[in-house]
Amino acid sequence: MAIPAGKSHRPEEKIWSVAELTRRVKSVLENALPMVWVEGEISNFTHHSSGHMYFSLKDERAQIRCVFFRGKNSKLKFRPEAGLKVRLLGDVTVYEPRGDYQLLVDRMIPVGKGELELAFRQLVDKLEKRGWFAAERKKQLPAHPTTVGIITSPTGAAIHDMIRTFQSRMPVEILLYPVRVQGVGAAEEIARAVSRMNEWGEADVLIVGRGGGSLEDLWAFNEEVLAEAIYRSEIPVISGVGHEVDVTISDMVADVRAVTPTAAAEILVPSLANVQADLDRLGDRLVRRIREIFRFWRERLERFAESRALGEPRARLREEAQRLDDLATRIGLALRRVEERFRERIAGLSGKLDALDPLSVLNRGYSICRPASGGNAITDGRNVAKGDLLEVRFRRGSVLARAESIDPGKEPGDEEGGEE
Amino acid sequence: MTAKKADGFDWEVSMKRIEEIVRALEGGGAGLDDSIKLFEEGTKLVKGCRSALEKAEVRVSKLIDEGETPRRVDFGKSEDGGE
Numbered sequence: 029m030a031i032p033a034g035k036s037h038r039p040e041e042k043i044w045s046v047a048e049l050t051r052r053v054k055s056v057l058e059n060a061l062p063m064v065w066v067e068g069e070i071s072n073f074t075h076h077s078s079g080h081m082y083f084s085l086k087d088e089r090a091q092i093r094c095v096f097f098r099g100k101n102s103k104l105k106f107r108p109e110a111g112l113k114v115r116l117l118g119d120v121t122v123y124e125p126r127g128d129y130q131l132l133v134d135r136m137i138p139v140g141k142g143e144l145e146l147a148f149r150q151l152v153d154k155l156e157k158r159g160w161f162a163a164e165r166k167k168q169l170p171a172h173p174t175t176v177g178i179i180t181s182p183t184g185a186a187i188h189d190m191i192r193t194f195q196s197r198m199p200v201e202i203l204l205y206p207v208r209v210q211g212v213g214a215a216e217e218i219a220r221a222v223s224r225m226n227e228w229g230e231a232d233v234l235i236v237g238r239g240g241g242s243l244e245d246l247w248a249f250n251e252e253v254l255a256e257a258i259y260r261s262e263i264p265v266i267s268g269v270g271h272e273v274d275v276t277i278s279d280m281v282a283d284v285r286a287v288t289p290t291a292a293a294e295i296l297v298p299s300l301a302n303v304q305a306d307l308d309r310l311g312d313r314l315v316r317r318i319r320e321i322f323r324f325w326r327e328r329l330e331r332f333a334e335s336r337a338l339g340e341p342r343a344r345l346r347e348e349a350q351r352l353d354d355l356a357t358r359i360g361l362a363l364r365r366v367e368e369r370f371r372e373r374i375a376g377l378s379g380k381l382d383a384l385d386p387l388s389v390l391n392r393g394y395s396i397c398r399p400a401s402g403g404n405a406i407t408d409g410r411n412v413a414k415g416d417l418l419e420v421r422f423r424r425g426s427v428l429a430r431a432e433s434i435d436p437g438k439e440p441g442d443e444e445g446g447e448e
Numbered sequence: 002m003t004a005k006k007a008d009g010f011d012w013e014v015s016m017k018r019i020e021e022i023v024r025a026l027e028g029g030g031a032g033l034d035d036s037i038k039l040f041e042e043g044t045k046l047v048k049g050c051r052s053a054l055e056k057a058e059v060r061v062s063k064l065i066d067e068g069e070t071p072r073r074v075d076f077g078k079s080e081d082g083g084e
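Protein chains in written order, with the working numbering: chain A, 29 to 448; chain B, 2 to 84.
These are computed hints drawn from the structure, not numbers from a lab. From a predicted model like this one, the values you see are computed outputs, not experimental measurements. Don't take every hint at face value.
Unchecked claim - Label pairs and their calculated CB-CB ranges: (1) A:G159 - B:I65: 32 to 40 Å; (2) A:P182 - B:G68: 14 to 22 Å; (3) A:P182 - B:D34: 38 to 46 Å; (4) A:E432 - B:A31: 46 to 54 Å; (5) A:R423 - B:D34: 26 to 34 Å.
Said to hold, decoys possible - For lysine-lysine, the following BS3-like pairs were computed, each having C-alpha atoms within a straight-line distance of at most 27 Å: (6) A:K100 - A:K54; (7) B:K45 - A:K167; (8) B:K45 - A:K166; (9) A:K141 - A:K154; (10) A:K167 - B:K63.
Where is the CB? At the ideal position from N, CA and C, for every residue including glycine.
Could you build the full structure based on these sequences and the hints that come with them?
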């Protein structure tokens with residue numbers, strides 16, 4: 029009745045080793061399920077330092093371990109994360125050392141959202157958290173750039189639009205760094221161009237952009253590698269990508285977003301007409317101000333001439349005269365350097381200064397008359413009484429004269445002979 | 002414009018200096034001699050800026066990234082040829 033030892037199974041039954049059985053399971057599973065599509069939600073996601081991704085794909089009832097090797101996942105535009113609904117294409121395999129079965133992922137696409145749309149949203153969130161879009165880190169554009177670095181395709185419409193726009197504006201030198209603006213590696217190429225332009229430091233400002241296209245065409249401008257290059261650029265960057273409706277990550281990181289490449293040129297450089305107007309205004313202010321300064325000094329010199337001319341020693345007079353001559357010459361020289369219209373406006377100014385020179389007045393045959401008793405030069409007949417003694421001074425010498433009759437005269441309408 | 006930069010003319014620096022001069026003159030305080038000096042300097046700069054505007058044209062160079070510094074090659078002249 030006792031069961032003989034070692035007879036717990038029938039002798040014809042094979043006894044498997046663990047490895048054998050596992051290998052068998054593996055082969056059955058793998059043959060039965062070649063390349064399947066499976067949909068579910070990502071959980072327990074880890075992105076290992078090796079570059080491989082490990083996670084579970086689950087629904088309400090079950091879950092399956094998944095491995096997404098670096099060689100496959102490096103082409104992903106978006107970042108897988110817990111909670112994301114995805115569709116996976118892969119092979120079911122068995123990992124023999126642990127007896128786990130798992131999905132070897134070949135492709136992953138998001139469910140519900142487009143892949144690019146998702147990638148875009150994710151990168152926006154990420155860079156926003158890093159503060160890369162913050163207004164306070166935006167650099168100011170140079171007011172008058174002389175050298176503009178443009179990073180774009182040398183064959184696209186954008187470069188020609190920009191050159192045409194620059195031609196009607198303040199002249200600049202354009203340094204075109206030619207790059208591919210779409211396709212594999214384009215973002216890296218543009219990013220490299222941004223950092224190379226920074227190394228050279230020749231450009232005052234950079235324009236990064238391209239003409240319109242589909243979301244796929246514009247994709248390079250949504251990649252992190254380019255966002256980072258723009259973020260790190262010490263030269264201010266304007267981005268002008270696509271049309272008005274297209275907003276890219278590059279636009280958000282750049283110091284200024286232009287809605288189109290043409291707009292970038294317009295933002296950067298004022299139109300020639302505006303520049304000329306600015307220059308005119310400055311020139312006008314300069315001339316207006318120097319005239320005021322001259323008027324001030326002329327009045328001062330007039331008072332000096334009136335009150336001091338007679339009493340001053342000759343040497344002092346000569347010194348003053350020389351000073352005035354000198355000033356007049358310099359004004360004349362200065363005026364010759366200004367535009368014609370400015371010159372017209374100040375014409376006569378230096379002549380007027382000549383007229384103030386007390387010595388030159390006497391030289392021209394005028395004389396200075398003042399009371400013999402002393403005092404200021406007489407400018408009004410009514411201040412003289414019949415019989416007063418007057419000292420009349422000429423260029424050389426003077427006479428003592430007596431007033432025989434007085435004509436009080438009329439109020440001079442125009443003492444000076446017009447405004448200066 | 003940048004061609005002028007090589008001769009020591011710098012648009013931005015010139016414009017800034019003109020503005021500075023205008024402000025200094027408007028602020029008063031400078032004597033007659035200094036005022037004239039400033040005025041002379043200012044008008045010279047205005048003239049310089051004007052001729053820079055007239056002479057300058059849009060120059061486009063394509064950069065060839067090889068080695069330490071970029072090589073520049075002419076990328077088609079501006080259409081109206083400047084001057």
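Going down the list of hints, with the structure as the test:
1. A:G159 - B:I65: 32 to 40 Å: Once the Cβ atoms are compared, 36 Å apart, the range 32 to 40 Å for I65 of chain B and G159 of chain A holds.
2. A:P182 - B:G68: 14 to 22 Å: 20 Å Cβ-Cβ, so the 14 to 22 Å window holds.
3. A:P182 - B:D34: 38 to 46 Å: At roughly 56 Å between Cβ atoms, D34 of chain B and P182 of chain A fall outside 38 to 46 Å, so the hint is violated.
4. A:E432 - B:A31: 46 to 54 Å: Once the Cβ atoms are compared, 50 Å apart, the range 46 to 54 Å for A31 of chain B and E432 of chain A holds.
5. A:R423 - B:D34: 26 to 34 Å: 28 Å, holds
6. A:K100 - A:K54: 22 Å, holds
7. B:K45 - A:K167: Answer violated: K45 of chain B to K167 of chain A is near 32 Å, above 27 Å.
8. B:K45 - A:K166: 36 Å, violated
9. A:K141 - A:K154: Answer holds: K141 of chain A to K154 of chain A is near 18 Å, not above 27 Å.
10. A:K167 - B:K63: Distance of about 26 Å is within 27 Å: holds.
Hint compliance for this structure: hints 3, 7 and 8 are broken, all remaining hints hold.
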